[in-house]
Amino acid sequence: MGWTISWEEFVSYTADFMTVSEEICDGWVWQGDKERSGSAYIVKKIQLQMPADTYDCKQETNENCDDLSVVEFEESHSVAVAESADLECTWEYHVLYSISYATPVLYFNAFYRDGRLLPLEVIWKRHGTETEALQHMRWEALSQQEHPILRRPFYQLHPCKTAEFLSHHLGSSLNPVVTWLSSIGRTVGLHLDNEYSKLVNKNV
Amino acid sequence: MANDREVLREIWDGRVPVCFQLDSSEVNGLQAPDPYYLMVPRLSYFPLVTDKVRRHFQRYIHPDKHDAEMWVDFNGQPLKWHYPIGVLFDLHIPEISLPWCLTIHFDKFPEAELLHCSSREAVESYFMSCIKEADVLKHRSQVVSNMQKKDHNQLWLGLQNDKFDQFWAVNRKLMEVGSDETFKYIPFRLYQGDEPFIQRLVKPVTEEGQRKTLFQFLQEIYAENASKVKVTTHGVEPPSDTPLQWMSEHLSYPDNFLHLCVAF
Numbered sequence: 001m002g003w004t005i006s007w008e009e010f011v012s013y014t015a016d017f018m019t020v021s022e023e024i025c026d027g028w029v030w031q032g033d034k035e036r037s038g039s040a041y042i043v044k045k046i047q048l049q050m051p052a053d054t055y056d057c058k059q060e061t062n063e064n065c066d067d068l069s070v071v072e073f074e075e076s077h078s079v080a081v082a083e084s085a086d087l088e089c090t091w092e093y094h095v096l097y098s099i100s101y102a103t104p105v106l107y108f109n110a111f112y113r114d115g116r117l118l119p120l121e122v123i124w125k126r127h128g129t130e131t132e133a134l135q136h137m138r139w140e141a142l143s144q145q146e147h148p149i150l151r152r153p154f155y156q157l158h159p160c161k162t163a164e165f166l167s168h169h170l171g172s173s174l175n176p177v178v179t180w181l182s183s184i185g186r187t188v189g190l191h192l193d194n195e196y197s198k199l200v201n202k203n204v
Numbered sequence: 001m002a003n004d005r006e007v008l009r010e011i012w013d014g015r016v017p018v019c020f021q022l023d024s025s026e027v028n029g030l031q032a033p034d035p036y037y038l039m040v041p042r043l044s045y046f047p048l049v050t051d052k053v054r055r056h057f058q059r060y061i062h063p064d065k066h067d068a069e070m071w072v073d074f075n076g077q078p079l080k081w082h083y084p085i086g087v088l089f090d091l092h093i094p095e096i097s098l099p100w101c102l103t104i105h106f107d108k109f110p111e112a113e114l115l116h117c118s119s120r121e122a123v124e125s126y127f128m129s130c131i132k133e134a135d136v137l138k139h140r141s142q143v144v145s146n147m148q149k150k151d152h153n154q155l156w157l158g159l160q161n162d163k164f165d166q167f168w169a170v171n172r173k174l175m176e177v178g179s180d181e182t183f184k185y186i187p188f189r190l191y192q193g194d195e196p197f198i199q200r201l202v203k204p205v206t207e208e209g210q211r212k213t214l215f216q217f218l219q220e221i222y223a224e225n226a227s228k229v230k231v232t233t234h235g236v237e238p239p240s241d242t243p244l245q246w247m248s249e250h251l252s253y254p255d256n257f258l259h260l261c262v263a264f
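Protein sequences appear in the order of chains X and E.
According to the UniProt record's numbering, the stretch in the first sequence is residues 1 to 204, in order.
According to the UniProt record's numbering, the stretch in the second sequence is residues 1 to 264, in order.
Just so you know, not all the hints are guaranteed correct.
[Claimed, not checked] To spell it out: a stretch of chain E is covered by chain X in this simulated footprint if at least three of its residues, at any positions, have a beta carbon under 8 Å from a beta carbon of chain X; those stretches are:
#, region
1, 120-131
2, 135-141
3, 237-249
What the hints contain is simulated information worked out from the structure, not anything from laboratory work.
Glycine included, C-beta positions come from ideal geometry on N, C-alpha and C.
Between the sequences and the hints, there should be enough to build the whole structure, so can you do that?
Pasting the structure below:
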C-alpha cells in the first residue's frame with residue numbers, strides 16, 4: 001500500500017522536526033495530548049501577503065469593501081493606489097497524525113484581518129488546482145473538513161495518496177514527516193527552511 | 001458479507017419528520033412564511049434534501065440574501081451538515097419532540113462552526129472521503145482503489161437519489177470480507193455530546209480469534225465504565241451481544257462508518 005508510520009513513529013519524527021524548529025526559531029509548537037494516540041499535533045502561524053484581488057467581497061456590500069480598501073491604504077502609508085495593495089492574511093498550519101491512514105495530515109486555515117476565512121476558491125487558486133485540467137480533481141485534493149481534535153472547520157490536504165507518495169522515498173529519507181511536509185506544504189504557502197533537510201538526508 | 005437484506009432495507013428507509021421554520025429576524029415583509037414539513041432520510045445529508053425548503057423560504061427573505069448560503073440550527077445550535085441526518089437526530093434525542101423543529105437561516109453563516117457548502121460537490125467530496133477512509137480501515141484501501149470512477153459515481157448517485165438497489169450494487173463490494181471473514185479494522189465514530197468524536201483502531205476479532213461483541217468493543221474504549229454506556233445508532237440501542245463485524249456490515253451509514261451516539 002505504501003509507507004505508513006505508527007503513532008509512536010510520528011511523535012518521534014515530529015520531535016526531531018521540533019528540535020530543528022527550536023534551533024532556528026521557526027515557531028512550531030506542540031498542541032494536544034502526546035500520551036493519547038492521534039491526539040497531539042504541531043502548529044505554526046504565519047503572515048502572508050495576498051494579492052488584493054483575492055479579497056472576498058461576496059459577504060460585504062460594496063460600500064464596506066471600499067471602506068476597507070481605504071483603511072488598508074492609510075495603514076500601509078503607501079503611495080501605491082489602494083487597488084494594488086496586498087492584503088496581509090494569517091495562515092495557520094496544523095500537522096496531525098491520521099489514525100486511519102497511518103500517515104501525517106496537513107490541516108490549515110487562512111484568515112483575512114477581520115477574522116473571516118479565505119474562501120475555498122481562493123485556496124484552490126493558490127494550490128494550483130484552479131487550472132482547467134485539474135478542475136475535476138480539486139475536490140479530491142483539498143477541501144474543508146472537521147478538524148478531528150478541535151472540531152472546527154479546517155482546510156485539509158487529503159491524505160489518501162500520502163502513503164503512496166512516501167513509498168517513493170522509503171530508501172532515501174530518514175524522516176518521512178519532513179519529506180512529506182516539504183513537498184506538499186509549499187502548495188499552500190508553507191515553505192520549510194533548508195535546515196530541516198539534515199533530518200532527511202542519509203549522507204549528513 | 002452484508003447478507004441480511006431486510007435489515008439493510010429498514011436502515012435505508014429510516015425517516016425523520018422535520019418541521020423547518022424561517023428565523024423570524026430574517027422575514028422581509030409583513031407575512032411570515034408557513035413552516036415546511038418534510039420526512040427526511042436518516043442516511044442522507046441536509047444539503048441534499050433541502051432544495052424545496054430553500055425555494056419555499058426564499059420568497060420571504062430580503063432579495064439580497066436569495067443566493068446566500070443556507071444553514072440550519074436546532075435550539076440555537078448550528079447543525080453540522082456533514083454529519084448524516086440520522087446522526088444529528090440521535091445526538092439530540094433527549095431534547096427532541098416530534099416533529100423535529102429546525103430553524104432555517106440565510107444570514108450570518110457561522111463559518112467558525114460549520115463547513116461551507118457551496119454546492120452538492122462539497123457533500124460528494126466529503127462523502128467520498130469518508131468512503132475512502134473506511135476502506136483504508138477495512139481493506140487497506142484495496143477495494144476503493146480498484147473501483148472504476150463509474151462505481152464511485154454510482155455510490156454517490158444512489159445516495160443522492162435515494163435508490164437502495166443502485167447504491168448496494170456497488171456497496172456490497174465494500175462490505176466484502178476475505179478468507180478470514182472479517183474486516184481488518186472497524187470504521188466507527190463514537191459521539192458523546194460536544195466532545196471530539198472517538199475514532200480508534202479496533203479489530204473485529206479478539207486476540208483468541210473470537211468475534212467481538214458490542215460490549216467487548218465498549219470495554220476497549222471505556223474499560224470498567226462499559227456497562228454504564230448506552231449506545232444509540234439509527235435511533236435504536238443494539239443489544240450488547242451484537243457482533244461488531246455484523247454491525248459494521250449492516251448498521252453502517254452509506255459512508256461505511258458506524259456512527260454511534262453514546263450516553264451514560
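Structure-based check of each hint:
Note: the region 120-131 of chain E has 7 residues with beta-carbon separation from chain X under 8 Å; the three-residue rule is met and the coverage holds. Under a criterion of three residues with beta carbons nearer than 8 Å to beta carbons of chain X, the stated coverage of the region 135-141 of chain E is upheld, 4 such residues being counted. With 0 residues having a beta carbon nearer than 8 Å to a beta carbon of chain X, the region 237-249 of chain E misses the requirement of three or more and the stated coverage is violated.
Violated hint: 3 only; the structure is consistent with all others.
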